[in-house]
Amino acid sequence: MSSQEGQHTPLLETTKQVKGNLGVTFAPTTAAAVAGLLALFAVFVRFDVAAFSDAHVNQYYMWYMHVAIMIFVGFGFLMTFLRHYSYSALGLNFFCSCLVMLAAIVAVGCAQQVVGKGKSVIDLDLPLLIDAAFCAGATMITFGAVLGKVSPTQLMLLLLIEVPLYACNQHIVAEMLGALDVGGSITIHAFGAYYGLAASLVMSPKGSGASHEKNGAIYSTDMTAMIGTIFLWMFWPSFNGALASAPAAAYQPQFLCIMNTNATLAGGVAVGSAANMSFLPVGAVTLGIIAGLLSTSGYRFLTPWLEERIGLRDTCGVHNLHGMPGLLGGLTAALVAFFMPVHNRAVMAHSTSQAMYQLAGVGATLVLAIIGGTIAGEAIAAGTPASLTLQAEEMYEDAMWWEEVESEKPEEDLATGARL
Amino acid sequence: MSSQEGQHTPLLETTKQVKGNLGVTFAPTTAAAVAGLLALFAVFVRFDVAAFSDAHVNQYYMWYMHVAIMIFVGFGFLMTFLRHYSYSALGLNFFCSCLVMLAAIVAVGCAQQVVGKGKSVIDLDLPLLIDAAFCAGATMITFGAVLGKVSPTQLMLLLLIEVPLYACNQHIVAEMLGALDVGGSITIHAFGAYYGLAASLVMSPKGSGASHEKNGAIYSTDMTAMIGTIFLWMFWPSFNGALASAPAAAYQPQFLCIMNTNATLAGGVAVGSAANMSFLPVGAVTLGIIAGLLSTSGYRFLTPWLEERIGLRDTCGVHNLHGMPGLLGGLTAALVAFFMPVHNRAVMAHSTSQAMYQLAGVGATLVLAIIGGTIAGEAIAAGTPASLTLQAEEMYEDAMWWEEVESEKPEEDLATGARL
Amino acid sequence: MSSQEGQHTPLLETTKQVKGNLGVTFAPTTAAAVAGLLALFAVFVRFDVAAFSDAHVNQYYMWYMHVAIMIFVGFGFLMTFLRHYSYSALGLNFFCSCLVMLAAIVAVGCAQQVVGKGKSVIDLDLPLLIDAAFCAGATMITFGAVLGKVSPTQLMLLLLIEVPLYACNQHIVAEMLGALDVGGSITIHAFGAYYGLAASLVMSPKGSGASHEKNGAIYSTDMTAMIGTIFLWMFWPSFNGALASAPAAAYQPQFLCIMNTNATLAGGVAVGSAANMSFLPVGAVTLGIIAGLLSTSGYRFLTPWLEERIGLRDTCGVHNLHGMPGLLGGLTAALVAFFMPVHNRAVMAHSTSQAMYQLAGVGATLVLAIIGGTIAGEAIAAGTPASLTLQAEEMYEDAMWWEEVESEKPEEDLATGARL
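Listed in order, the protein sequences are those of chains A, B and C.
Each residue of the first sequence is one higher than the last, beginning at 63 in the working numbering.
Each residue of the second sequence is one higher than the last, beginning at 63 in the working numbering.
Each residue of the third sequence is one higher than the last, beginning at 63 in the working numbering.
Just so you know, these hints were derived from the structure itself, not from any lab.
Each residue gets a CB set at the ideal place from its N, CA and C atoms; glycine is no exception.
Certain hints may be false.
Stated by the list, open to error - Pair by pair, the computed Cβ-Cβ distance ranges are:
1) B:E275 with C:G269: 37 to 43 Å
2) A:T414 with B:G445: 53 to 59 Å
3) C:M418 with A:G178: 42 to 48 Å
4) C:S415 with A:A411: 55 to 61 Å
5) B:E275 with A:I437: 56 to 62 Å
6) A:S182 with C:T414: 33 to 39 Å
7) A:G180 with B:S115: 31 to 37 Å
8) C:G269 with B:A454: 48 to 54 Å
What the hints assert, rightly or not - For lysine to any residue, the following SDA-like pairs were computed, each having C-alpha atoms within a straight-line distance of at most 25 Å:
9) B:K179 with A:V344
10) A:K179 with C:V344
11) A:K181 with C:G345
12) A:K181 with C:V344
13) C:K181 with B:V344
14) C:K181 with B:L342
15) C:K179 with B:L342
16) B:K276 with C:W464
17) A:K276 with B:W463
18) B:K181 with A:L342
19) B:K181 with A:G345
20) B:K276 with B:S449
21) B:K181 with A:V344
22) B:K276 with A:D284
23) A:K179 with C:P343
24) C:K276 with B:D284
25) C:K181 with C:A411
26) C:K179 with B:V344
27) C:K276 with B:A287
28) B:K276 with C:Y149
29) A:K276 with B:Y149
30) C:K276 with A:Y149
Could you put the whole structure together from the sequences, leaning on the hints where they help?
If you want it as structure tokens, here you go:
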């Protein structure tokens, strides 16, 4: 829209008001979160001396970097597909992932080292940094479910609340139940997806779903989203293998993904739980095909049905890409544990009943994620003054939050923007 | 083009018809290819147990990832330069590269392990995965020659036929002739280019060449193409060094490329054959300059001449970027073998006559690529019903194959798209 | 702008003239530079035999690649934000970085090996290649200060003159003074920034500053710039750790950056000098917050003030992103050396007076950079014929230098380009 027209649409008027409110809630919330994290860092976090060795860096640094690429390039650009919300997708991915990683160093470090090992401080090394990046991955999946529909302040709070729940759930699934989940199908993908979907269910008003005029891509934003897709896809083996004691876990996801170009990312999700278990190449490829079919069917049939029936509005379709494939991954690990116990004895905590513990891990994750997401969503919605609550027509719109971005009238957008 | 105009150009009518035909040929061909590959995987392919060790992963994983970045980010975005065909370039790169990698695991694995070593199954390890990615690289070069001019089904068939020929040619050049080609100047670049050019010669109708109104870039698509160029360029040392027993082979390409910013990618191609042979830094830089001059002269003079004289339509100019620099690389290796035999004795299979075998490898590659590409192109063209054969005006156009992409009238495109 | 309008603005006329002049100065200057470098390579540079071992490649290759990603993807795309100058930003980044790396192999190699160790030839290994990429980083910072305001020939000369000065300054700071600067806060960031700012002060005419109508971003160019920002940010730990003898230096920058999303890149700069010294996680995070506040305040208040008062026109704000954070990094290292001498004894050249030498290194860098940049800028401006000197209205404009890019009238740009 040209600035010389000298007129503003009603939307733009609203914009100016809300934008002004960034200072009212976002800045103080950020300052409080950072101050709190600084205090926790000062008291509890120190560098692990052993982590300063060449061997430690050689073993972990590349994997950390690959996971970081997935979080910041992969998820960041993947979510730029919305045609009026690319800045926010990238900017909020960047801001929130950083904040979440700091919080996760404290929360996951506390669960693993203080609760798990009885230490009184948290030693920061590269595996903990990788775990913090995994936690950021879970929150970015959550972001995908509410993308465009919540304010930056609401998003920050929603994701910060998720961090301790994530650490708690991971402790339950991995330590208390001893379920296998090396690539995070259950504790990252399913947890992040169902937490976000529960929050979206209570925070997305009518009119904010698939029919919203700005809830869609144009040619150029689908291109930037492909940057995200390709980087996410390529580095998936690293995601699943980064913290595996046998890094050969990295192989299997690639075969899944390779086989699976319709819903290319679902394959990597589905193999996550079983990624350090033994099965054949043809099994990996078959699992990829199933995940791809499940995911594409979900986009085509289930998402519209869920929106119509229960009002579940899922901007990025995280239910298809992370929720269901995550459950499929959990189920696969249970089946592999049940039918191939001898081959996988070395990695299993329970000899004959591992499959049951795998299913228990899936169940615990679903319960914690859905209850947690519902309560967090309700609380944040209730705590937001009516004047700061986004109306449907203010959603999916960068102009609300970024200087020098102007809102466009939809007709003009279609006229000039359909292709470029 | 705006959707509210309520009118469609004739092109769009055609589009709708052809798009409907994706289901007629593309889906069943894909299903058949995948089913066949699954059966071959089930019978012949298993994970190599030795490849599950940390040492194996540490030695090869990073190199595999670098080559994967070149195939999926490098070639993928490089081919987005066409202003109406960016989706197809990225999407078909992704789809076909994955399918080709699966086929190459079987075909190259068969050539190396069954034919070469007399084994009865194919052990899948990271070097074989890297070889499969190299094969995908050769087919992506072929894609560049026919980019925009063939249907997705035709492309898939053309590249699937290329895979066993590639495996066969690599066996002849490397095993039977003992020619050096560690970075693939001959067996990847020259093979992929001349196979594609031969196919293009028989499959590109009149009017589908440089003068086609949609066969060109705009500002924004040249920007996304630069993403591909830069990633391809940066990781070239990894491409040339990934499977070198002396990984120092990785050095030399970088000097070539650095020297060679006009046709930045040609240098990496040209040093491929000799990348594990000894020569001086100044030699590498000089070779880069020669490759750059050759490549840019090719774009300026040879490509238009070839199109006018023999009707060779080469969308991406792969003859300049891969064909001629590949031959230059083959020739360079022969010269190095001839003039510096003592320094390179350790890597050469033949002591005094290595140069002759290098030239024989180049010759065999040219013969197999050109005959194979011609027959494959003729067969696919003959097997395509007239109703599914693309007319010149339907080429270089995403709207034929992607939902929600609309065809634009050229004048509008020029009016609004010249810059952004 | 549509080509069918059949009319040209006066700007376009000028464009055609100047574009023709690329052949007059750019081609011969390039040829002379390349010929000179080739001669120097032939006489002085050889491959280091020890660098051909697997161990050498395994130790350094990944780090080299990370630094290369920062230079070519990071700086390259970061500077595409100008809405009419994205081609030039990427193209000149690519061209000049390559040329500078070749020159730096000679200049830095000479300082380190000939002057420093008394050798008569330069042995090329991966650490020297990394050092050459660091030097390219310094020159890309300089490019940011003059971005859009100098011709390609002027830029090439400005950066080529910078290379020996950079090598000389690094020798003074690291060897003669023994100051710590493993991540280059002082010798890369501060040096590159103040050299560029000095040159910009003498080369930027009135009207070429923030108020220039083309000196700004649009939605799509800010998106491509984000590609650069994210890759630069992610790989910062590698930049600071690539040549550290204790690679654990790589940790600390990430915490800074993570904490520091407003001016995300400043944190990595500020920790550069002290990156191999010991301090606590909370210290790293606090330093990141300070750098972020310093940098964002600089953009908001200092840059406009400096432009108004002394006519300093700083296209990319390198003073805020590299200059001040670089000085902060130098100051931090001095403070750490002063207050924590015992913990850092292992890495310090001077036991009790290290802090003083750190400050001396900062001072020497400022003097050399500012005097060097001023003289180089004056000399290049004086040596450019009036007919080839860019007028303010010809700046920030790709159409001057690239075929098939047309200049746009600003109103049209605002009308169609505000969003896409």
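Evaluated hints:
no.	hint	result
1	B:E275 with C:G269: 37 to 43 Å	40 Å, holds
2	A:T414 with B:G445: 53 to 59 Å	55 Å, holds
3	C:M418 with A:G178: 42 to 48 Å	47 Å, holds
4	C:S415 with A:A411: 55 to 61 Å	57 Å, holds
5	B:E275 with A:I437: 56 to 62 Å	58 Å, holds
6	A:S182 with C:T414: 33 to 39 Å	35 Å, holds
7	A:G180 with B:S115: 31 to 37 Å	33 Å, holds
8	C:G269 with B:A454: 48 to 54 Å	49 Å, holds
9	B:K179 with A:V344	23 Å, holds
10	A:K179 with C:V344	23 Å, holds
11	A:K181 with C:G345	22 Å, holds
12	A:K181 with C:V344	19 Å, holds
13	C:K181 with B:V344	19 Å, holds
14	C:K181 with B:L342	18 Å, holds
15	C:K179 with B:L342	22 Å, holds
16	B:K276 with C:W464	20 Å, holds
17	A:K276 with B:W463	24 Å, holds
18	B:K181 with A:L342	18 Å, holds
19	B:K181 with A:G345	22 Å, holds
20	B:K276 with B:S449	22 Å, holds
21	B:K181 with A:V344	19 Å, holds
22	B:K276 with A:D284	20 Å, holds
23	A:K179 with C:P343	21 Å, holds
24	C:K276 with B:D284	20 Å, holds
25	C:K181 with C:A411	23 Å, holds
26	C:K179 with B:V344	23 Å, holds
27	C:K276 with B:A287	24 Å, holds
28	B:K276 with C:Y149	21 Å, holds
29	A:K276 with B:Y149	21 Å, holds
30	C:K276 with A:Y149	21 Å, holds
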